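**Q** Each chain is listed here by its residues.
Protein chains: 2
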Amino acid sequence: MELLKQRIKEEGFCLPGNILKVDSFLNHQIDPQLSLAMGKEFARLFVDVKVDKVVTVESSGIAIALAVAAELGTKLVFARKHQSALMEEDRYACPITSFTKKETKNVYILKKFLTAGEKVLIIDDFLADGNAALGLCNIVEQGGCEVVGIGIAIEKSFQRGAERIREAGYRLESLARIKSLSDCKIEFVEE
Amino acid sequence: MELLKQRIKEEGFCLPGNILKVDSFLNHQIDPQLSLAMGKEFARLFVDVKVDKVVTVESSGIAIALAVAAELGTKLVFARKHQSALMEEDRYACPITSFTKKETKNVYILKKFLTAGEKVLIIDDFLADGNAALGLCNIVEQGGCEVVGIGIAIEKSFQRGAERIREAGYRLESLARIKSLSDCKIEFVEE
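As they're listed, the protein sequences go chains A and Y.
In terms of our numbering, the first sequence has 107 at position 92, counting the first letter as 1, and numbering is strictly consecutive.
In terms of our numbering, the second sequence has 27 at position 12, counting the first letter as 1, and numbering is strictly consecutive.
To be clear, the hints were calculated from the coordinates, so they are not data collected in a lab.
One or more of the hints may lead you astray.
Note that the list lumps identical chains together, so a pair holds whenever it fits in one copy or between two copies.
Capping the alpha-carbon separation at 27 Å, the derived lysine-lysine pairs in BS3-like fashion look like this [stated by the list, open to error]:
#1 K200 / K65
#2 K127 / K20
#3 K194 / K126
#4 K127 / K116
#5 K96 / K200
#6 K194 / K20
#7 K36 / K20
#8 K65 / K36
#9 K90 / K65
#10 K200 / K120
#11 K65 / K134
#12 K55 / K116
#13 K20 / K134
#14 K120 / K24
#15 K134 / K90
#16 K117 / K96
#17 K126 / K24
#18 K120 / K36
#19 K36 / K127
#20 K36 / K134
#21 K24 / K116
#22 K127 / K90
#23 K20 / K126
#24 K117 / K127
Owing to the predicted nature of the structure, the values given are computational and were not obtained by experimental measurement.
The following block holds chain A by itself, in its conformation from the complex (with noise of 0.2 Å):
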């Protein structure tokens, strides 16, 4: 997607260990228009799929997720990372380690959110070794639930992630592929 492309090129920036900061659109600040075009974008790429519902999890993928709900005309629910008074009754748990913040959490949908059958689209923001993206499809089908698909908006395609993804049998449709952040440059993959 070029005006992804786009914006990262001009205010993306590396961090040490291959850590690629967008927070000015993308996961701090957010660029509405961006997350709308996004949301069209993957409706696009996923206009063979029937989707009953989109899965992402919280905080950064509910902007883009909100985006292809409504282009789709689904509901969407995000998991929750953390454990709240509130969500005591049954529920669906995963253990998901983030890549960038080096800890193991579990994340949560409560159970009558999904319904068996359900064919589910999974959206994230980024894609690195794949552990949200898979944890997610790993909660989706504990409620009986079809992964239809997963849409990332930046794959980082030198990790294992995408790999992972596509050995598991999942379909997967990135908007940036990123080839390379050596020497903190960002490189992205020819298309």
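We have chain A already, so just place chain Y on it with the hints.
**A** Leaving out everything else, chain Y in the frame of chain A:
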């Protein structure tokens, strides 16, 4: 806002401790059409005010705030509750005690995303005792910005938040005002 009140009547339920659960459409599962409608309604309520930026706090405020910012043509910044390796830059912080979670946490906004003189509209899903909204005002003012209004989806009018906000001199607009949750019965303020 009749549409929101209708959804609260149909799908909301109470938990002991004056807690209203609306997680089927507002803050775990989200109905994007309702989020977009709330965005339009906030834009209408604050039509007389110049807004440069929308500010909320993760996670439940993001969907509504995105809809508002999209409607107003501004950017959105969501305050983060969790310090991250990616947030080692200069930031503003304020401790906020959550009414539902009974815990105090610092929330953060990176300094570079608040520019002195900007007019900020604060958006959140719930107003109980006002700690989150007033904490966001504090952070925004640390950045030299002006809070031009606070927009809340669901105000629990029997708690002290609304009064504290008005006493502090801020303009408050709420889309649904709950008069009482006594005996686990949802009563709205007569408008």
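**Q** Does each hint hold? Answer for all of them.
**A** Here's how the hints hold up against the structure:
no. : hint        : result
1   : K200 / K65  : neither (38 Å within a copy, 39 Å between copies)
2   : K127 / K20  : between (38 Å within a copy, 22 Å between copies)
3   : K194 / K126 : neither (38 Å within a copy, 31 Å between copies)
4   : K127 / K116 : between (30 Å within a copy, 22 Å between copies)
5   : K96 / K200  : neither (32 Å within a copy, 30 Å between copies)
6   : K194 / K20  : within (12 Å within a copy, 49 Å between copies)
7   : K36 / K20   : within (13 Å within a copy, 39 Å between copies)
8   : K65 / K36   : neither (33 Å within a copy, 30 Å between copies)
9   : K90 / K65   : within (13 Å within a copy, 32 Å between copies)
10  : K200 / K120 : neither (31 Å within a copy, 36 Å between copies)
11  : K65 / K134  : within (7 Å within a copy, 42 Å between copies)
12  : K55 / K116  : neither (30 Å within a copy, 36 Å between copies)
13  : K20 / K134  : neither (29 Å within a copy, 30 Å between copies)
14  : K120 / K24  : neither (32 Å within a copy, 34 Å between copies)
15  : K134 / K90  : within (12 Å within a copy, 32 Å between copies)
16  : K117 / K96  : both (14 Å within a copy, 17 Å between copies)
17  : K126 / K24  : between (40 Å within a copy, 22 Å between copies)
18  : K120 / K36  : both (22 Å within a copy, 24 Å between copies)
19  : K36 / K127  : between (35 Å within a copy, 14 Å between copies)
20  : K36 / K134  : between (32 Å within a copy, 26 Å between copies)
21  : K24 / K116  : within (24 Å within a copy, 40 Å between copies)
22  : K127 / K90  : within (13 Å within a copy, 34 Å between copies)
23  : K20 / K126  : between (37 Å within a copy, 25 Å between copies)
24  : K117 / K127 : between (30 Å within a copy, 25 Å between copies)
Violated hints for the displayed structure, listed by number in ascending order: 1, 3, 5, 8, 10, 12, 13 and 14.
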